[in-house]
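There are 2 protein chains.
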Amino acid sequence: MRYELYYWPSIQGRGEFVRLALEEGGADYVDVARAPGRGMGMAALAKFIEGRRVPRPAFAPPYLKAGRLVIGQTANILLYLGPRLGLVPKREADRLWAHQLQLTIADFLTEAHDTHHPIGGGLYYEEQKREAARRADDFLRNRLAKFLGYFERVLERGGGSYLLGRRLSYVDLSLFQTVAGLRYAFPRAMARRRARFPRTMALHERVAARPRIAAYLASARRIPFNEHGIFRHYPELDR
Amino acid sequence: MRYELYYWPSIQGRGEFVRLALEEGGADYVDVARAPGRGMGMAALAKFIEGRRVPRPAFAPPYLKAGRLVIGQTANILLYLGPRLGLVPKREADRLWAHQLQLTIADFLTEAHDTHHPIGGGLYYEEQKREAARRADDFLRNRLAKFLGYFERVLERGGGSYLLGRRLSYVDLSLFQTVAGLRYAFPRAMARRRARFPRTMALHERVAARPRIAAYLASARRIPFNEHGIFRHYPELDR
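If you're matching them up, the sequences are chains A and B in order.
According to my numbering, the stretch in the first sequence is residues 1 to 239, in order.
According to my numbering, the stretch in the second sequence is residues 1 to 239, in order.
Quick caveat, the hints were computed from the structure, so don't treat them as lab data.
Here the structure is a predicted model, which means the values were calculated and not measured.
Note that CB positions come from ideal geometry on N, CA and C, so glycine has one too.
The reader is advised that the hints may include incorrect statements.
[Stated by the list, open to error] With a straight-line cut-off of 30 Å between C-alpha atoms, the simulated DSSO-like cross-links for lysine-lysine are: (1) B:K65 - A:K65; (2) B:K47 - A:K65; (3) A:K129 - A:K90; (4) A:K47 - B:K146; (5) A:K129 - B:K146; (6) B:K47 - B:K65; (7) A:K90 - B:K90; (8) A:K129 - A:K146; (9) B:K65 - A:K90; (10) B:K90 - A:K146; (11) A:K129 - B:K129.
[Unchecked claim] Stretches of chain A that chain B covers, calculated by requiring three or more beta carbons in the stretch to come under 8 Å of a beta carbon on chain B: (12) 67 to 78; (13) 134 to 142.
[To be verified] Derived coverage of chain B by chain A (criterion: at least 3 residues anywhere in the stretch with Cβ under 8 Å from a Cβ of chain A; other residues may be distant): (14) 98 to 105; (15) 178 to 185.
Input sequences plus hints: build the corresponding full structure.
Shown next as structure tokens:
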């Protein structure tokens with residue numbers, strides 16, 4: 001099965017959580033909007049988004065095409081891919097737990113994003129700078145430690161090197177990406193807090209060092225962080 | 001199996017999406033924080049939240065206890081309950097599609113909530129009134145129609161009376177609750193827009209008229225909307 005990922009070609013964004021799973025799982029996949037050739041590129045993504053004949057339209061990218069299935073919502077895509085790529089245990093209880101953690105990461109991402117867009121995604125950052133300063137302050141003061149503390153606790157109680165215990169799952173890839181993004185967006189705030197979350201920081205390093213992930217991060221397939229995605233570095237928000 | 005729902009006793013909030021599924025599914029359940037008797041009530045919820053021995057702690061209520069399983073995250077609870085309560089079809093493709101819609105509703109809810117709390121959930125509305133006015137304006141101007149238009153399109157393309165087609169699923173209950181909440185919070189804005197989303201509004205009525213849901217809505221088990229939940233009626237935000 002060759003998976004087709006439909007996502008914006010110039011940002012990591014939410015698509016990156018799918019890319020990381022596909023890479024670690026050694027999947028055969030094409031990142032449609034970034035691929036050269038006929039039927040690929042941004043036009044293919046646009047055509048797909050606007051497709052009026054899609055019986056089950058998605059609200060927003062990313063979508064994954066898997067044969068005749070078209071799956072939207074990042075956490076839902078990972079729910080589907082997890083077992084197929086060997087990135088989640090077989091037991092239903094474990095899969096629900098992995099998915100629960102993934103949904104908590106999704107909430108964390110929304111809050112991280114809204115530090116620079118507290119008023120509206122359709123407005124520029126410059127149009128909501130004052131509100132962004134307040135929201136980022138609240139995020140760094142209250143929410144960051146609440147979320148990171150939660151994952152730290154999960155790692156502690158799980159008793160292994162990964163969130164689900166001894167074996168890596170797709171949720172570890174997502175937590176890696178979240179920490180990487182937070183470090184990019186808030187280098188000062190994260191440097192000051194890293195000693196409080198040793199297990200989470202060690203997980204980040206452990207994932208980064210996995211051969212397939214390391215190869216991916218060093219490749220041109222990994223889009224650098226920039227000021228168009230979820231995580232944006234605005235020094236004035238990083239206190 | 002007697003399900004135990006752990007959620008705040010004084011608001012509909014995210015727990016309401018689970019309550020509606022349990023009610024429509026005719027499940028044997030107890031709403032722990034609202035129930036009288038030993039081991040019930042707010043103390044039971046608090047004990048559960050703080051439980052230091054829980055191996056797989058949840059980030060926030062609601063949680064569902066199902067035998068030895070403890071499941072967190074609203075959409076995840078519905079993913080689990082759906083098949084058990086006959087509220088989702090059997091095919092994997094249909095279940096993924098239902099879950100995708102549920103996650104889109106979750107995004108919608110977050111945005112609806114943030115109209116009154118754009119800066120931080122730990123602050124009072126009164127501390128962020130100015131920002132709330134801007135965010136609510138953007139929500140009503142841009143986001144509301146984008147989300148409602150999406151579900152309208154899904155209903156149209158599905159060709160039935162419900163989101164998945166001919167049979168009710170838990171996602172219909174969730175869309176019902178979302179529309180009910182939006183009408184409570186933004187009666188003027190919703191009245192002005194209702195003609196644009198006829199299928200969605202008809203779905204709301206259809207769900208409300210189902211015998212089990214109608215009985216639930218008329219009972220003391222249904223907590224009234226108030227200014228502590230996701231949907232709050234602040235007339236100054238309803239333009």
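Right, here's what the structure says about each hint:
{"no.": "1", "hint": "B:K65 - A:K65", "in the structure": "34 Å, violated"}
{"no.": "2", "hint": "B:K47 - A:K65", "in the structure": "44 Å, violated"}
{"no.": "3", "hint": "A:K129 - A:K90", "in the structure": "46 Å, violated"}
{"no.": "4", "hint": "A:K47 - B:K146", "in the structure": "19 Å, holds"}
{"no.": "5", "hint": "A:K129 - B:K146", "in the structure": "25 Å, holds"}
{"no.": "6", "hint": "B:K47 - B:K65", "in the structure": "14 Å, holds"}
{"no.": "7", "hint": "A:K90 - B:K90", "in the structure": "19 Å, holds"}
{"no.": "8", "hint": "A:K129 - A:K146", "in the structure": "24 Å, holds"}
{"no.": "9", "hint": "B:K65 - A:K90", "in the structure": "21 Å, holds"}
{"no.": "10", "hint": "B:K90 - A:K146", "in the structure": "37 Å, violated"}
{"no.": "11", "hint": "A:K129 - B:K129", "in the structure": "17 Å, holds"}
{"no.": "12", "hint": "67 to 78", "in the structure": "holds (count 6)"}
{"no.": "13", "hint": "134 to 142", "in the structure": "holds (count 5)"}
{"no.": "14", "hint": "98 to 105", "in the structure": "holds (count 4)"}
{"no.": "15", "hint": "178 to 185", "in the structure": "violated (count 0)"}
The earlier numbered hints that this structure contradicts are 1, 2, 3, 10 and 15.
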